[in-house]
Amino acid sequence: MPLHADDRLLCIVLASGLLVAANAIPYYLKYIRTITQVKHEDKPSKGPCEDAEDALKLNTLKKLVAAPSYKLRASAVKIIAERSIKDATRKLLLRDLASKHSTKRDQALHALWFLLSDPSLIASLEIRQHFMSDPSTFAAIVDCLSNLLPLHSHGPPSQAHNPTKSSPLLPHNRPPSETVALRILRELLTDQTLPTALSAGLISKWLKHYPFPPALYPRTAPAAKK
Numbered sequence: 024m025p026l027h028a029d030d031r032l033l034c035i036v037l038a039s040g041l042l043v044a045a046n047a048i049p050y051y052l053k054y055i056r057t058i059t060q061v062k063h064e065d066k067p068s069k070g071p072c073e074d075a076e077d078a079l080k081l082n083t084l085k086k087l088v089a090a091p092s093y094k095l096r097a098s099a100v101k102i103i104a105e106r107s108i109k110d111a112t113r114k115l116l117l118r119d120l121a122s123k124h125s126t127k128r129d130q131a132l133h134a135l136w137f138l139l140s141d142p143s144l145i146a147s148l149e150i151r152q153h154f155m156s157d158p159s160t161f162a163a164i165v166d167c168l169s170n171l172l173p174l175h176s177h178g179p180p181s182q183a184h185n186p187t188k189s190s191p192l193l194p195h196n197r198p199p200s201e202t203v204a205l206r207i208l209r210e211l212l213t214d215q216t217l218p219t220a221l222s223a224g225l226i227s228k229w230l231k232h233y234p235f236p237p238a239l240y241p242r243t244a245p246a247a248k249k
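To convert a position in the sequence shown, counted from 1, into this note's numbering, add 23.
Quick caveat, the hints were computed from the structure, so don't treat them as lab data.
The structure displayed is predicted, hence computed values, not measured ones.
Possibly wrong hints are sitting among the right ones.
As the list claims (entries may be wrong) - No farther apart than 27 Å at their CA atoms in a straight line, the calculated lysine-lysine pairs in the DSSO-like style are these:
#1 LYS228 / LYS101
#2 LYS101 / LYS114
#3 LYS114 / LYS228
#4 LYS127 / LYS114
#5 LYS127 / LYS94
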């Protein structure tokens, strides 16, 4: 049966439609797959404030700590504290704390006590947790206390410089640095951290050799009655 003009036109239209569909459908399928693909987001870049904080030098931070503005002081202290709990900085701090060099040891003692006691940082549990969770913290504190033992005066207690002469436990001549070290130990010592402190030698390396007054000055036996 011969095709009429209308039939030929219909065939041309159908063929053209099929050709367009054959090319368009794969393209749109590929596009849909692309826009619906789950992509891993890149890590957020540091904001301008964080970059500015990292660029601040220590001398600048020291000046800001002494600034009259409370907000400036608090911000400077926070930046210093955040830098101090980084692994490399914390290791240096603990190394100086365990040092036999008195100047380095005292600087580390006061720096660590500052981080644990400054009013603007007390609310930050992150700082305390960094030191409490690190066994090397307690090892450094025990070494520090052990290195301070020779600084105790083993002579007879002086009446003028002996505020604890009536105590059977407190040493008669305690080094000031030991007081700071004991405050730090008190802040970090909990039921959870006690086993770590004992493993570091709190008793075997330090308390066992502590110069308690009865150990230094044993009482003489009373004279026998005649």
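Now the hints, each set against the structure:
Distance restraint check for LYS228 and LYS101: the Cα-Cα separation of roughly 35 Å exceeds the 27 Å cut-off, and the hinted pair is therefore not satisfied. Distance check on the hinted pair: LYS101 and LYS114 sit about 19 Å apart at the alpha-carbon level, within 27 Å; holds. Restraint check for LYS114 and LYS228: satisfied, since their Cα atoms lie roughly 21 Å apart, inside the 27 Å limit. As the CA atoms of LYS127 and LYS114 are separated by approximately 14 Å, the hinted pair is consistent with the 27 Å bound.
For a cut-off of 27 Å, the pair hint linking LYS127 to LYS94 is broken: about 30 Å separates their Cα positions.
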